[in-house]
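Student: Protein chains in written order, with the numbering used here: chain Y, 129 to 557; chain V, 129 to 557.
If you are wondering where the hints come from, they were derived from the structure by calculation, not from laboratory data. Heads up, some of the hints might be wrong.
One copy or two, it doesn't matter: identical chains are merged, so the pair holds either way.
Taking lysine-lysine pairs in the DSS-like style, the calculated list, with each CA pair at most 30 Å apart, reads [as the list claims (entries may be wrong)]: (1) LYS137 - LYS447; (2) LYS225 - LYS447; (3) LYS386 - LYS137; (4) LYS386 - LYS514; (5) LYS390 - LYS520.
For clarity, every value in this text was computed on a predicted model and none was experimentally measured.
There are 2 protein chains.
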Amino acid sequence: MEIARKTKKLGQDDPRRIVHSLKVGLAITLVSLFYYFEPLYDGFGDSAMWAVLTVVLVFEFSVGATLGKGLNRMLATLVAACLGAGAHCLASLSGRKGEPILVATFVFIIAVITTFMRFFPKVKARYDYGMMIFILTFCLVSVSGYRDDQVLEMARDRFSTILIGCCASLIVCICIFPVWIGENLHNSVSANIGKLGNFLQAFGDEYFRVAEESNENNKSYLQGYRTVLTSKSSEETMANFARWEPGHGPFGYRHPWKMYLKVGNLTRDCAYKVEALNSYLNCKIQTPAEIRGKIQVPCKRVSLECSRALKEMASTFRKMVITRSAVMHIESSKKAAEELKSLLKTNLWEEADLLEIIPAASVASLLLEIIECIEKISEALNELGKAASFRKINATVLPELPDSIQHETVQQDSNTAMPVPHCVIIVSE
Amino acid sequence: MEIARKTKKLGQDDPRRIVHSLKVGLAITLVSLFYYFEPLYDGFGDSAMWAVLTVVLVFEFSVGATLGKGLNRMLATLVAACLGAGAHCLASLSGRKGEPILVATFVFIIAVITTFMRFFPKVKARYDYGMMIFILTFCLVSVSGYRDDQVLEMARDRFSTILIGCCASLIVCICIFPVWIGENLHNSVSANIGKLGNFLQAFGDEYFRVAEESNENNKSYLQGYRTVLTSKSSEETMANFARWEPGHGPFGYRHPWKMYLKVGNLTRDCAYKVEALNSYLNCKIQTPAEIRGKIQVPCKRVSLECSRALKEMASTFRKMVITRSAVMHIESSKKAAEELKSLLKTNLWEEADLLEIIPAASVASLLLEIIECIEKISEALNELGKAASFRKINATVLPELPDSIQHETVQQDSNTAMPVPHCVIIVSE
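Construct the entire structure; sequences and hints are all you get.
Tutor: This is the structure we're talking about:
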């Protein structure tokens, strides 16, 4: 029962998992047909089995990973098969007794060098699998040459069956509901920015709420950012695989995946500040509500504008457009920050105990720092947008309108579902 | 030249890498001898090659990873070979024409189910490789049954050659300079705690320094904590592999590796606070030096005592002993914290601008929070120490001695190389 429930949940969380399983089954079954049809089998003999094994080993969830493994495997097999055949020919010159010794020496040297090369960070990130297959094929071809005279045929058969296996995997992987890992990375980076936005949206209400009323929606918003803190390694893996992918949809072949890592790092830097903010929600020494009330308006304003800026950035980035709408929100958050600063400068809290003021003051100072973080993210996103030639949309903003008119004239993107009450955006192109 | 330099650096950074490369070469060469000796070859024929392939695929840097992969491969091969042979026998009942259809159906079903199972987080963490080998062997045995009547012999040969390959890998991996990943995890967790200690040791000096004098040593201390922030995934990988390892040295078979993850998480929580502290070192709005000076003494004291507690914890944890020495430092940091709090309560800074006070006040409040984090780490380490039955050392502390006597009577562990000037530790057992 427990397993059935978990299985159902796994499938519901991401239906692509079920599709992937079916795709693997299909690819393996297709390739195993080689073995059954007389004419196909006659060409390769028992080597046909390598095609089936290749599908099992190479077929991954995403196109990028499958392509990376497939190309690694093909290239490594090709080079190693040639080298292995060469090593066998060279060794066989030294006679039946000398051959094993020479081949064993070659195998040892190649294995040592290749294994060491796998420690280079760049090799490890992109060619680790290829290195392993290189040793494997080299051993296979050079060693079996001792018992089997047709080394060249064997090397050729091995390469061609692996080619068939890789091609079959790639065709099934790309043609039937492909999972592009580059798209996953794109969505994950934008989702992470959005999570920080959600936190800041909920934070203002939560920190300055008077009674014990709790908002379930806010709670989930306040927790969401935690996954951002530990997203580094998964982003790096995705970026490595994404670089293997051909152009697809809005992503060109040389899409600047590396710059996603920069945006990811800046997002994490911001998440660390958010983590610090979060700790003040459940702080033991809390600033009394009446003192907090004094900075409530500008703090809430900064938090809300930051949240809007982040969510706007997440949404426009996801849609791959460049607008100035996030910059507007950053500007208004800066204005609110100035208000907050001047409020802090006036000796508002003279009679109060400094120890009690500190939490609220720290919250205020963190909010000011978060604005800087958001500016950096915004710059990095702009750079990325330029490098990836995102579509530019000029949004002209008329921020001077009085509030009552503003609310009526707001033009809102129906997809974002975010209120942008403080400015009017007229999309001119 | 560049490559030669990098190679040299990789080898110098961790000489175990060179040893590992040599070990892989040795194991592959050893197993390939099977192919050369007539009597050994006669037993297995061409299947002997599987032993070589197994070594290439299974031999990993650490014992845990090699054992995990080896056991996965052996178990999966055994089960899949039996099932595959069974599938072949069942299918062959339906005649020459029906067999391919039935076998293809079996292969499809097994491939789909097994691929989906790889998505379960627990399966992915520990049995991912086994699942892949299971599909592979099942296909190999059931499909080749169509062309080869001796399916049972083939299944047996495949299993026994893989057994030989795995055993050879394990023997070489364990007997020649073994790399225990559990030990790596142990050292990495304790090093991370130590890095936070280093930061706090340098922080007090750096934050309250008057002139622009810079201390190179401090700089490296202040940077070290950054790797802690992103250590989660590597710790999880290590813990997963460590669970495969047999007892070795001070680590028993059922060593509580899972609890290392808890300690790691708490260390990261503390590292997030340290990250927040670090941002105040290069803050734009800085509290004037004369105001900072007012809280300098207790702040430096808290920072130093926290640093000592962390370093003491790291060092005793590394040596797998339980002492109360870290608790002493935590106590003194709490005392200093009380001083700091009462200093903050007095209206020391009445005439100053609140905006300028905030950074210093935030630093003070973060230091207070860090004490709580350290207490949590200390508790988690104690739990872990109990679960793993670390050696208990009773340290009796005589903190009342005057300073001059203290410095002479300090008994210091020569391995820790850390000054413990404020207490006298008499190790009684």
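Student: From the Cα coordinates, with 30 Å as the cut-off, is the pair LYS137 and LYS447 best called within, between, both, or neither?
Tutor: The answer is within: 29 Å in one copy meets 30 Å, while 44 Å across copies does not.
Student: Since the copies are identical, ignore which copy is meant and state whether LYS390 and LYS520 lie within 30 Å (CA to CA) inside a copy, between copies, both or neither.
Tutor: within (21 Å within a copy, 47 Å between copies)
Student: With 30 Å as the alpha-carbon cut-off, assign the pair LYS386 and LYS137 to within, between, both or neither.
Tutor: Result: close only across copies, 25 Å inter versus 33 Å intra.
Student: At most 30 Å between CA atoms: does that hold for LYS225 and LYS447 within a copy, between copies, both, or neither?
Tutor: neither (68 Å within a copy, 54 Å between copies)
Student: Within, between, both or neither: how does the pair LYS386, LYS514 come out at a Cα-Cα threshold of 30 Å?
Tutor: Result: close within a single copy only, 14 Å intra versus 45 Å inter.
When each numbered hint is compared with the structure, a violation occurs for hint 2 only.
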